[in-house]
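Sequences are here, hints too, so could you generate the full structure?
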Amino acid sequence: EAGVAQSPRYKIIEKRQSVAFWCNPISGHATLYWYQQILGQGPKLLIQFQNNGVVDDSQLPKDRFSAERLKGVDSTLKIQPAKLEDSAVYLCASSLGGAGSNIQYFGAGTRLSVL
Amino acid sequence: DQQVKQNSPSLSVQEGRISILNCDYTNSMFDYFLWYKKYPAEGPTFLISISSIKDKNEDGRFTVFLNKSAKHLSLHIVPSQPGDSAVYFCAASPTGTASKLTFGTGTRLQVTL
Numbered sequence: 001e002a003g004v005a006q007s008p009r010y011k012i013i014e015k016r017q018s019v020a021f022w023c024n025p026i027s028g029h030a031t032l033y034w035y036q037q038i039l040g041q042g043p044k045l046l047i048q049f050q051n052n053g054v055v056d057d058s059q060l061p062k063d064r065f066s067a068e069r070l071k072g073v074d075s076t077l078k079i080q081p082a083k084l085e086d087s088a089v090y091l092c093a094s095s096l097g098g099a100g101s102n103i104q105y106f107g108a109g110t111r112l113s114v115l
Numbered sequence: 001d002q003q004v005k006q007n008s009p010s011l012s013v014q015e016g017r018i019s020i021l022n023c024d025y026t027n028s029m030f031d032y033f034l035w036y037k038k039y040p041a042e043g044p045t046f047l048i049s050i051s052s053i054k055d056k057n058e059d060g061r062f063t064v065f066l067n068k069s070a071k072h073l074s075l076h077i078v079p080s081q082p083g084d085s086a087v088y089f090c091a092a093s094p095t096g097t098a099s100k101l102t103f104g105t106g107t108r109l110q111v112t113l
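Residue numbers (the working numbering), protein chains in the order written: chain F, 1 to 115; chain C, 1 to 113.
Possibly wrong hints are sitting among the right ones.
No farther apart than 25 Å at their CA atoms in a straight line, the calculated lysine-lysine pairs in the DSS-like style are these [what the hints assert, rightly or not]:
1) Lys100/C - Lys68/C
2) Lys11/F - Lys62/F
3) Lys100/C - Lys78/F
4) Lys62/F - Lys78/F
5) Lys56/C - Lys71/C
6) Lys54/C - Lys71/C
7) Lys15/F - Lys78/F
8) Lys62/F - Lys100/C
9) Lys71/C - Lys100/C
10) Lys83/F - Lys11/F
11) Lys5/C - Lys44/F
12) Lys37/C - Lys68/C
13) Lys100/C - Lys5/C
14) Lys100/C - Lys71/F
15) Lys44/F - Lys37/C
16) Lys44/F - Lys71/C
17) Lys68/C - Lys56/C
18) Lys44/F - Lys62/F
19) Lys100/C - Lys44/F
20) Lys44/F - Lys68/C
21) Lys54/C - Lys68/C
22) Lys5/C - Lys71/C
23) Lys5/C - Lys68/C
24) Lys54/C - Lys100/C
The hints are simulated quantities; they were obtained by calculation from the structure and are not laboratory data.
This structure is a prediction, so every number in the text was calculated from the model and none was measured.
Written out as C-alpha cells, the structure is:
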C-alpha cells in the first residue's frame, strides 16, 4: 500500500514570495491533515479536512495560509506571502476517518526555508 | 502554552537495556494518547496508543503506561535495539481517537552498542 506522498521535498524561497505544497493521501483515507513542524518543536496542526470539507482550521494563519482539497483526495497548502518565521517542515497526514481509532499516517514532509 | 511536555530532549541507552521515555500533559480533557517515532528525513510513524480507560498497553517490546492522576505517561522499550534510535513524540487528543492531536517536543533516543 502506497503511503502519503508529498512534494516537493525541499523548497527555498525569499520572504514575501509565494509557495505551494502538494499532498496525496493514502487511498481511501477520508481525513487529511496539514501540520507545521518548526525546528526543535513537535508538529502543530494547521488544518484538518474530512473529505473536501474543513473540520478544523483554528490554528491556520488565514491572512497568509490557505489550503484546499477540491475533490476530497489531493490537497494543496499555500503560503502567500511567506515570512521568515514560516521556515519549517510541513507535514501532511491522512487517516481513514469515521469510527475507530483514526491513526494518522504521515508523509515525509516538505522542508521550507524562507530567506 | 505547552499542553504536552517531554522534558528530556535526549536519552542514551545501551543496547539490551530498558529505555524509558516520559511525557506530561496539562489538559484534563485529553483522553487518548499516542507515541510516534521519527527517523531523519521521514515523517512520524505511529508506534503505540492508549485510551484513558486503560493504564497500560503493550505491543511486543513497547509498553505505554498512563497515570491519569499525575497526568503522566511513559513509553518503555525492552530490550532496546540500535534500530530504535530515533526521535519519539508523545501526542494527546481530547476526542477519544487519534484525531486533533497535540504533540510534545520530542525526545531523541540513542541506543548504543
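Hint-by-hint comparison with the structure:
no., hint, verdict
1, Lys100/C - Lys68/C, "holds, 19 Å"
2, Lys11/F - Lys62/F, "holds, 21 Å"
3, Lys100/C - Lys78/F, "holds, 21 Å"
4, Lys62/F - Lys78/F, "holds, 10 Å"
5, Lys56/C - Lys71/C, "holds, 14 Å"
6, Lys54/C - Lys71/C, "holds, 13 Å"
7, Lys15/F - Lys78/F, "holds, 14 Å"
8, Lys62/F - Lys100/C, "holds, 19 Å"
9, Lys71/C - Lys100/C, "holds, 18 Å"
10, Lys83/F - Lys11/F, "holds, 14 Å"
11, Lys5/C - Lys44/F, "holds, 14 Å"
12, Lys37/C - Lys68/C, "holds, 23 Å"
13, Lys100/C - Lys5/C, "holds, 17 Å"
14, Lys100/C - Lys71/F, "holds, 22 Å"
15, Lys44/F - Lys37/C, "holds, 16 Å"
16, Lys44/F - Lys71/C, "holds, 21 Å"
17, Lys68/C - Lys56/C, "holds, 11 Å"
18, Lys44/F - Lys62/F, "holds, 15 Å"
19, Lys100/C - Lys44/F, "holds, 10 Å"
20, Lys44/F - Lys68/C, "holds, 24 Å"
21, Lys54/C - Lys68/C, "holds, 9 Å"
22, Lys5/C - Lys71/C, "holds, 11 Å"
23, Lys5/C - Lys68/C, "holds, 15 Å"
24, Lys54/C - Lys100/C, "holds, 20 Å"
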